[in-house]
Structure formats: C-alpha cells, structure tokens
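Protein chains in written order, with my numbering: chain A, 1 to 303; chain B, 1 to 303.
Please note that a few of the clues may not be correct.
Copies of the same chain look alike in the list, so a pair counts if it works inside one copy or between any two.
To be verified - 25 Å max Cα-Cα, derived DSS-like pairs, lysine-lysine:
| # | residue 1 | residue 2 |
| --- | --- | --- |
| 1 | K265 | K85 |
| 2 | K31 | K117 |
| 3 | K123 | K104 |
| 4 | K111 | K187 |
Hints were generated in silico from the structure; no laboratory data involved.
Given next are the chains, with one letter for each unit.
There are 2 protein chains.
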Amino acid sequence: MKFEVTILGSSSSTPIFNRNPSAQLLNVNEKFMLIDCGEATQNQLLHFGLKANRIDQIFISHLHGDHYLGLVGLLSSLHLNGRTKPMDIFGPADLLEIIDLQFKLSQTVLKYPINFKATNSEKPEMIFESWDVHVETFPLDHRIPCTGFKFTEKQRLRKIIKEKIEELSIPTDMIPLIKKGQSFTDKKGIIHAAEELTTDADQPKVYAYCSDTVCSWKYIDHIANADLLYHEATFMNDMLARAEETFHTTALQAGEIALKANVKKLLIGHFSARYRDLEPLLEEASSIFTETSLAIEGKTFEI
Amino acid sequence: MKFEVTILGSSSSTPIFNRNPSAQLLNVNEKFMLIDCGEATQNQLLHFGLKANRIDQIFISHLHGDHYLGLVGLLSSLHLNGRTKPMDIFGPADLLEIIDLQFKLSQTVLKYPINFKATNSEKPEMIFESWDVHVETFPLDHRIPCTGFKFTEKQRLRKIIKEKIEELSIPTDMIPLIKKGQSFTDKKGIIHAAEELTTDADQPKVYAYCSDTVCSWKYIDHIANADLLYHEATFMNDMLARAEETFHTTALQAGEIALKANVKKLLIGHFSARYRDLEPLLEEASSIFTETSLAIEGKTFEI
C-alpha cells in the first residue's frame, strides 16, 4: 500500500526563493490526487517528472489565487495532451464559474469531462470515496471560505507471508484474493486458511491538510490522531499579530496544534516571502512538537 | 535610447522542455512593458532577475490561456508587494471580466489602480502613447479574436558629440536640452548652435509582435519595414495542414512573411511541444529569411 505526499509548492501568496505557491501531490496506491493548485503547478509536475495525467482528483481549499491559479492551465494542458478520462474537482462553488468563464472565452471544449463537486465551508462532509481511501472536508477559519481535507485509508489488506508463496506454489493472481481472506487449496489438496498465509494488515493511515487558517481549536477533532498533519505556518511567532490579522498561523502555533491534536508527524508550509531561510520556522514548531518537517518542493513524505 | 525585448516564454499551449508559454518584456528606455503573460510569467521574471514592479503596461493579444493565465497571479503579487502606481492593461474586453471575477472571489481590493483598455480585433488602433513610444494594435487571424502589437519609437533625440562636452565644459544637465535643439553659450560667451554640438539622431525603431495567427498577407502593411518582427512559428512546414487547421503559422511561412514585409530581423517563437530541438525551425525560417533568430527564454534582442 502506498500513501505518500509530494510537495509541489510551499510558498504563501507569491513565488519566491524557488518556492512555488501551494500544491501537493498525494499518491494513494499509485492513483494520484492533487491538493491545491497554485500557479505553475504544472511546471512543478514537469520539473519533478510527475505525470499530470495520472491525477484523477483535484481538491482546492479556497479561492485565494495562490491555491488555485494553476488549475485552468493544468486542465488545459491535459486537454491538449489528449486526456479523455474524467477529472473530479472539489472546491468552493464559485471555482466552477472561474473555470467555465475561461474555457468559454478561449472557446475550449475539453476532451474529457469534469465532475465538479462544490465543497461546504460551513460543515464537515464526506466528499469522495474509493475502495482504498475516503476524503472529508472540514471548515477552516480564513478570510474567505476555506476547507481542510482529511484523507483516510480504508482498512488495509492483510499481508501475504512471502515464504508461503514459494512453499505452496501460490499463483500470483491468487495473492490479492488471499489478502482479502480467501483460503487456498494447494497441489496436495490441503486447504490453507487465509489467516495462516498472511499477517495482520497495517493500520490504515490518515493525512490531514490544513491550508490557510487562523490558529483555532475548532478543527482539532477533524485532524486528531492523524498520521501526518500538514498545517500552514506562514509566520514566525513574533509576527503573531500579523498572523491573526491575516487569518494565518505561526510556526509555534502549528506545533501547538499538532501536539493538541495528538498527530504522529507534522509538516509545515505556506511560508511567507519574508523568510529566505526556513530553519527558524522549523526550530520554532519543533520546540513544541518534535516530529516536525518542512514542506520542501520535490520532497516526498510517507504517511 | 534603449529599445530591446527579453523573451520570458516561447512555448505554445503548454510549458515543456524548460520553455514557458508566451511572454515578453519590452524595455523602452528603462520603462518596461509586458507583452502577453502566460502562466508562471512572474516566476520567469524572478528567474531572470527582472523587476515586475517596473512594468507599467501589459498587452494581452488574446484569451487563449497560454497568453494570459499568468496575469492575475502577477497582478496579485504586485499588490502584495505594495505597488501603488497604476497599471495599464490592454487586451480583449472580456479579459476584464476574468480579472474582476477572480479578485472579487478572493475578496482582493488591489492597492493600485488598473487602467483597462479593451483592444479591438476588427480594426487597427492606436492604444498607447508616451513621449518616446506609441503602440498600435492590428487584427490577426486566429481561432478567437486576436491582435498584434506594433511598438514604434518616436523621433529619437540628436546625439551629443562627446568631445564637445569636455572642450566647452558643457554641464550635464544641459545635455538633454542640447539634444532637443537648444543652443549653448560657453564661458567665453560664444553661442554654439545645437546642430554644431550634436550628430543626427538614430532612426526611430519599430517592434512588431504577431502572436497566434494563421499565415496571411492581411497584416503585412502593419508590420512592414519593422526593425524586429516577432512572429509565431508553431510548426514546421510539413505540418502546414495542421497549422492552417489550428490557425497557426509554420516556420517557413514566418520567413516568407518577414521577407514580404521587408523587416530587418525576424524572431520566431510559440513553438509546439512536439519540437524538443528548435534548430530545424530556425533553419526552415532562415532558408527564406536569413536574419532569423529563435525566441529563447532569457535572451534579449536589441530592436
């Protein structure tokens, strides 16, 4: 089971110091989801050798440009590159107007369907479900309507005991069935229960994504116990007043939230253009919550 | 007098091979104009160390995303970086709706005024004039309304003869006046006519910009005798049918247009993503018109 996130953008507001606005690529068992899509996200995908056409879901947290201005360009490139499979897009209702207006004026009729689902910034909702993951939104507290996203793996499959494959000559196509609980009859006619051929599954993992928000305990329940929490940390704590005024969080507060929410690991990002060096932000968050990492473009974090 | 253009994007449709969508920075005596603004144009400005805030006019040829999707991000960054001086924007009327919608939804009130002037894709127009340059539009023939832009220097000033400055102890602040025709009285009381202290001005120069268009003789008059013509050359001529179908030009045709229009130099760009190596496009255009260059990101061309 693969469940990991690659950072495509970690800058707040404007691109600077080779940092791009917000975007992350989530790999769920080699199926890809994009979380936010700041300007030049498609360039970042190219730069890191990640195939945009493998993305099937896009989640936009809110309508500040640094979180979605790369969307129409990305959708357009997918169209020009011959995509035919649908794209699911989740975001504030008005996002559809932005997309539709621009494709109308460029007289572009996409070669693939967009399934748009408006998110609700007032109350938590389940918005997507597949066999291996489900996605929920929860309200954040920003200057404009904004949602966080919580990606939860479903029960993982049991793990096959490798030695048993050879010992009992188990055919490859039987392995997924055995993982799901089916028994296996070997050449001698002996039936082996699935439990005997497998070990317990890993615990399903949770990734919580908190883009722009003022620090608040209101959303703690939604991110509680996450295996990895991404939380914005736009400023250092000496800029607390500025953070509150602009509805952002400081690195110290991000650490406090991670601690309070009892998450396993914290990833901070959305760094203000005033910080060339990010180490002080890392140190500040880590002073409260040790297991903190910086969201760095191109870096992949296992969840 | 400075009159030069720096390429910020030379790709058609999608970013690829480190090529970005269309954008050019025109330097007119250290005042800057942006021509088209594909996605990530602000990243390109940063990358090449060019100050976005020095731009006072932006010209958008048409509403295909590869020519304007970087605009709202750029305007937004200028706002966040404290710009207060106005920005003149010239483009299709509907561009204003795209800008307004996105700033409305992000609840952004720009700290600086935008002076928007809608261009007319049906007939040529003078759209901007300053003491040293004027700008005209002319209709191009693309899938959606599209204009070319012609930047014409006004009469240049006469050039001061350097030896005279020392010989007659001409004060620095007199020099611009002498260039404009004022006589100078030296310490001995002798009056020197401006013509005696200066040589003839250079001829005013013309830069013509033809973004997306099918090859046509209709706009030849508007680009005739330009010192530098930028012309799209999306395809090689073996793709002529595809070029015509998509209302684009081939490299061979761009050479033919340059020849027919009797321009001094040709710059080709808007290269299709199918060409990693651009040399064949250069060779094709050069086979018709020798003085051809490739629009390469970061390269500056004197006009």
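Structure-based check of all given hints:
1. K265 <-> K85: So K265 and K85 fail the 25 Å test inside a copy (35 Å) and across (45 Å) alike.
2. K31 <-> K117: Within one copy, since 19 Å is at most 25 Å while 45 Å is not.
3. K123 <-> K104: between (32 Å within a copy, 23 Å between copies)
4. K111 <-> K187: neither (51 Å within a copy, 78 Å between copies)
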